[in-house]
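Participant: As a plain string of letters, each chain reads:
There are 2 protein chains.
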Amino acid sequence: MARVRPLSGFPEWTPTDRVVEAQVIESLKEVFRLHGFAEIETRVVETLDRLAGKSEAAKEIYTLGRLNAEPDSEAKLGLHFDLTVPFARYVEEFQNDLAFPFRRFQIQKVWRGERPQEGRYREFYQADIDVVGRENLPAHLEVEVAVVMARALAALPIPAVSMHVNNRQLVEGFYRGVGIDDVAGALRSVDKLDKIGPDGVRAEVTDKGVAATAADAILELARISATDGSFAAAVEDLWATTQTIDDIAEPEQLLKDGIAALVALVEGVNAAVPGTAVADLRIARGLDYYTGSVYETFLEGHEDLGSICSGGRYDSLVAGGGFPGVGMSIGVSRLISRVLGAGLAHASRGVPSAVLVAVTDEDHRATSAVIADRLRARGIACEVSPSAAKFGKQIQYADKRGIPFVWFPGAGGDADNAIGDGEVKDIRSGEQVPADADSWLPPEGDARPIIVRA
Amino acid sequence: MARVRPLSGFPEWTPTDRVVEAQVIESLKEVFRLHGFAEIETRVVETLDRLAGKSEAAKEIYTLGRLNAEPDSEAKLGLHFDLTVPFARYVEEFQNDLAFPFRRFQIQKVWRGERPQEGRYREFYQADIDVVGRENLPAHLEVEVAVVMARALAALPIPAVSMHVNNRQLVEGFYRGVGIDDVAGALRSVDKLDKIGPDGVRAEVTDKGVAATAADAILELARISATDGSFAAAVEDLWATTQTIDDIAEPEQLLKDGIAALVALVEGVNAAVPGTAVADLRIARGLDYYTGSVYETFLEGHEDLGSICSGGRYDSLVAGGGFPGVGMSIGVSRLISRVLGAGLAHASRGVPSAVLVAVTDEDHRATSAVIADRLRARGIACEVSPSAAKFGKQIQYADKRGIPFVWFPGAGGDADNAIGDGEVKDIRSGEQVPADADSWLPPEGDARPIIVRA
Chain A
1 MARVRPLSGF PEWTPTDRVV EAQVIESLKE VFRLHGFAEI ETRVVETLDR
51 LAGKSEAAKE IYTLGRLNAE PDSEAKLGLH FDLTVPFARY VEEFQNDLAF
101 PFRRFQIQKV WRGERPQEGR YREFYQADID VVGRENLPAH LEVEVAVVMA
151 RALAALPIPA VSMHVNNRQL VEGFYRGVGI DDVAGALRSV DKLDKIGPDG
201 VRAEVTDKGV AATAADAILE LARISATDGS FAAAVEDLWA TTQTIDDIAE
251 PEQLLKDGIA ALVALVEGVN AAVPGTAVAD LRIARGLDYY TGSVYETFLE
301 GHEDLGSICS GGRYDSLVAG GGFPGVGMSI GVSRLISRVL GAGLAHASRG
351 VPSAVLVAVT DEDHRATSAV IADRLRARGI ACEVSPSAAK FGKQIQYADK
401 RGIPFVWFPG AGGDADNAIG DGEVKDIRSG EQVPADADSW LPPEGDARPI
451 IVRA
Chain B
1001 MARVRPLSGF PEWTPTDRVV EAQVIESLKE VFRLHGFAEI ETRVVETLDR
1051 LAGKSEAAKE IYTLGRLNAE PDSEAKLGLH FDLTVPFARY VEEFQNDLAF
1101 PFRRFQIQKV WRGERPQEGR YREFYQADID VVGRENLPAH LEVEVAVVMA
1151 RALAALPIPA VSMHVNNRQL VEGFYRGVGI DDVAGALRSV DKLDKIGPDG
1201 VRAEVTDKGV AATAADAILE LARISATDGS FAAAVEDLWA TTQTIDDIAE
1251 PEQLLKDGIA ALVALVEGVN AAVPGTAVAD LRIARGLDYY TGSVYETFLE
1301 GHEDLGSICS GGRYDSLVAG GGFPGVGMSI GVSRLISRVL GAGLAHASRG
1351 VPSAVLVAVT DEDHRATSAV IADRLRARGI ACEVSPSAAK FGKQIQYADK
1401 RGIPFVWFPG AGGDADNAIG DGEVKDIRSG EQVPADADSW LPPEGDARPI
1451 IVRA
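Listed in order, the protein sequences are those of chains A and B.
For the first sequence, position 139 (counting from the first letter as 1) is numbered 139 according to the numbering used here, and the numbering increases by one without interruption.
The number in the numbering used here is simply the position in the second sequence, starting from 1, with 1000 added.
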């Protein structure tokens, strides 16, 4: 037999670990649905011209070809590398079928030809939510989307998360107020704060022509953080001592609007899921693209994973303009890989069956099948023993598959007995009790596989 | 804005139609789980050498490449075109983690570069179940797998199905008994019966060296069908008058075993889901590969779709031998496309929300959010109105999204009132009644979107 080896970067789970993945995904769906998000699913392929528009991602795109294909006989296609590009296309294509603001969630695999490493896969699940308007989008949805994601994450078998939030207007108003014209360029440097430190950032931005006092001011701004609205006073104090330009009205308005939005965001999220949000003015990721709130989310004790759930407010989902929205995306596979790899949680078993119905002898297999169907009629997942071996062997089989209960048909399967009367054994405790197939229920935690936190 | 056009062969649904697809898939999963099948999911890529082994499929394989890739820098990969190739690889790879017989279901997209036409997609869902042993597999599982699929199909919003079943031993014993050596060759001709008719089949097999009397005998066999075990007598009668070879013991034993298995199958399936199974001795598809039972399933009134659920018993899942099993596969997307296209069923709405909580004015948005959370705490999907427009406008918004109920906070949102007291309006009937956010429930059929049969 040819040796089979895993493909690096393309994770697969055992049936037991797949229970964890499937239940995590189902849990996310349930929270999204409770909040009125509709599910969509897009095809996994997009045309290459659409995919490659985001140039930094182009080198990671998997293209599709055909064995023995005639050249140029097919549209040039690639696998999507995120769920935003297909969502934007979907909204354009289906705009006349959608009611705006359109609230959608989408949980699908995406593909990136990155060099594989822990937590970086080539095939992985993302879970996205977005709310998209047609011409405009109320600001309160920036709070709501963060609340929904905070709740979705709180429902998962993971440690607490810390959602770091910032606001583009606040930062832009402040930067312009201290005399910085190339706000996006300065933000790209501030985004490297973790890597190159304050001195590195200072050197970079002054190289780009930012005055030393302005560089100090934006580094000071990046130090401000708070879990409530108290950051506002710190920003206003800093602003009062550092703003330098003459025509201050417009930056000041941006700053004020940004502060108000960020106060509403951090307080709104913490009211819904206490202890989750932090206004963190060093967050610069995506501020060149996002136009309002931005979000980055870290898993406590697992900050090395980087952000597990990011997003922000944008002015236009599609290239031609229009469709302003706000969205966040969870890197689901990365999260599940850590949950399983670090033993944070596991599934109670890998099979759905709560019960193995034993078979007394092959002549009485139909009796066992009837019992199984009576259990199934009440939602109890079960299976009939594949062999009529000695009961000890059948119990071993259940044990090996992780099935907690074995059902023994009444009186050794004697057809004179009422068919549903039998005995059921909890093979973990060894306890065996009389039971009726029309009324017996497994304990709630045993009915289906569940996720057990460490 | 660039014009967006659907890609032929890559279907996508509106949110409302996606409800149908998602609920069909969830319904299949639930039936599979009730019968003790564990879910697995495999990566969508396989190495090309593994995929292209099935030569007739090779020309339909989508290969993966990379923009700007160095030649030969990557493993040669393609997208899987069914769920059997990846399942076989998975069983080989994870065999030490699995308990045999291993009962698995798998519902994933597959890709085939076929010429698109109605019901033939390039990207589509399949739903497979298989039971696989390590060295052997009891024959009763051939009945069980068919029963599970019959139940899974009966639970879907589709017309009744007709499962046509046959048995390789029966056919092989009979063919050999009338002197046919190249059984597989003769079966390939009989498989064309619908296309070329009895005369065409007779001409083909006699061309291949089959005696005219033998050709007549196998055409006569192909005419036999029954919804119970009565076909057995017809086969035995035909056998008595047509068997010609001297050394009859082995073919006769094959025939007898095959008849017994087919009787058990057709009667077992019809006992579980009456009116489903037909022993149909003309079924030849896959008999060159399958070694016991074979199944083909047709949708009543939609026979033009071809078989919507096929499979059979095989001796060895993997190339090296071992892992005998039995499995069936549903072409899910083809089925859903017909359900939607022919108006057999539709979703009651496209959004999960049962309730839109109206907002009296922006100062009272928090009140509406609290009401929404009280409803969600009891599992009621809802959303808060995005705008505090006049109530008439908010009702219009709910109507446009298909949300059946609008909740009005008490006394125009007056904070002095108990927050959860309000009124709820069924916007379809116009009926408006006082309601308490901690106890009101929508009618069962309105709680979540449901599938409505035509």
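Calculated from the structure, these hints are not laboratory results.
Bear in mind the structure is a predicted one, so any value in this text is a computation, not a measurement.
Just to be clear, a hint being listed does not mean it is correct.
Unchecked claim - Covered by chain B, according to a simulated footprint, are these stretches of chain A (three or more residues, beta-carbon under 8 Å): (1) 195-207; (2) 342-352; (3) 382-393.
Stated by the list, open to error - So the derived label-pair ranges between C-beta atoms look like this: (4) Lys59(A) to Glu1431(B): 39 to 49 Å; (5) Ala1139(B) to Gly275(A): 54 to 64 Å; (6) Ala160(A) to Ile1025(B): 51 to 61 Å; (7) Gly1197(B) to Ile25(A): 46 to 56 Å; (8) Ile1025(B) to Arg378(A): 20 to 30 Å; (9) Ile450(A) to Gly1320(B): 30 to 40 Å; (10) Pro1198(B) to Asp82(A): 51 to 61 Å; (11) Asp247(A) to Glu1423(B): 47 to 57 Å; (12) Arg378(A) to Arg1378(B): 22 to 32 Å; (13) Ser1439(B) to Ala271(A): 35 to 45 Å.
Ideal placement from N, C-alpha and C gives every residue a C-beta, glycine not left out.
Participant: Each hint should be assessed against the structure and marked as holding or not.
Facilitator: The hints, checked one at a time:
no. : hint                                : verdict
1   : 195-207                             : violated (count 0)
2   : 342-352                             : holds (count 3)
3   : 382-393                             : holds (count 5)
4   : Lys59(A) to Glu1431(B): 39 to 49 Å  : 59 Å, violated
5   : Ala1139(B) to Gly275(A): 54 to 64 Å : 59 Å, holds
6   : Ala160(A) to Ile1025(B): 51 to 61 Å : 33 Å, violated
7   : Gly1197(B) to Ile25(A): 46 to 56 Å  : 50 Å, holds
8   : Ile1025(B) to Arg378(A): 20 to 30 Å : 23 Å, holds
9   : Ile450(A) to Gly1320(B): 30 to 40 Å : 37 Å, holds
10  : Pro1198(B) to Asp82(A): 51 to 61 Å  : 56 Å, holds
11  : Asp247(A) to Glu1423(B): 47 to 57 Å : 52 Å, holds
12  : Arg378(A) to Arg1378(B): 22 to 32 Å : 24 Å, holds
13  : Ser1439(B) to Ala271(A): 35 to 45 Å : 24 Å, violated
Hints 1, 4, 6 and 13 from the earlier list are contradicted by this structure; the remaining hints agree with it.
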